[in-house]
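Undergrad: Please put together the full structure from these sequences, using the hints given.
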Amino acid sequence: MNFLVDNQLPDALCSFLTSRGHRSSHVLGLRMDEASDVEIWDYAAKGGWVVVSKDEDFLHLANRPADTGKLLWVRIGNCRKPTLLQAFDRELPRIVQAFDQGVHVVEIR
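Each residue of the sequence shown is one higher than the one before, starting from 2 at the first, in the numbering used here.
Treat the hints with caution; some may be incorrect.
[Unchecked claim] Computed spacing ranges between beta-carbons, pair by pair:
1) Asp90 <-> Ala67: 30 to 36 Å
2) His61 <-> Arg81: 17 to 23 Å
3) Gln87 <-> Asn64: 24 to 30 Å
Hints in this document: simulated from the structure, not taken from any laboratory. We put the beta carbon where it would ideally sit given N, CA and C, even for glycine.
TA: Written out as structure tokens, the structure reads:
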């Protein structure tokens, strides 16, 4: 699975996802850190990426009629990286299964 990690999440999340066998990039690494949410969303949708973000604006984009993009909406409050990565480690199988089954928005809490 391809994950595109948004600005407010650490690059360490990309390393974690890659270590679990997924392709992952951070918007900073793609020089999209100044891009609008719509630009990031469109890039991800066209390339088959799942946007990983805390930004609720992506939820609105994901819920547009006939939109094909996918969102992993991070609903975990402010926390340290180890706590974030533990949550992803615990929830990743469920997340991947949901996207594989055609779900367009998955929450992680």
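Undergrad: Now tell me if each hint is right for this structure.
TA: Each hint tested on the structure:
1. Asp90 <-> Ala67: 30 to 36 Å: At 34 Å between Cβs, range holds.
2. His61 <-> Arg81: 17 to 23 Å: 29 Å, violated
3. Gln87 <-> Asn64: 24 to 30 Å: 29 Å, holds
Hint 2 from the earlier list is the only one contradicted by this structure; the remaining hints agree with it.
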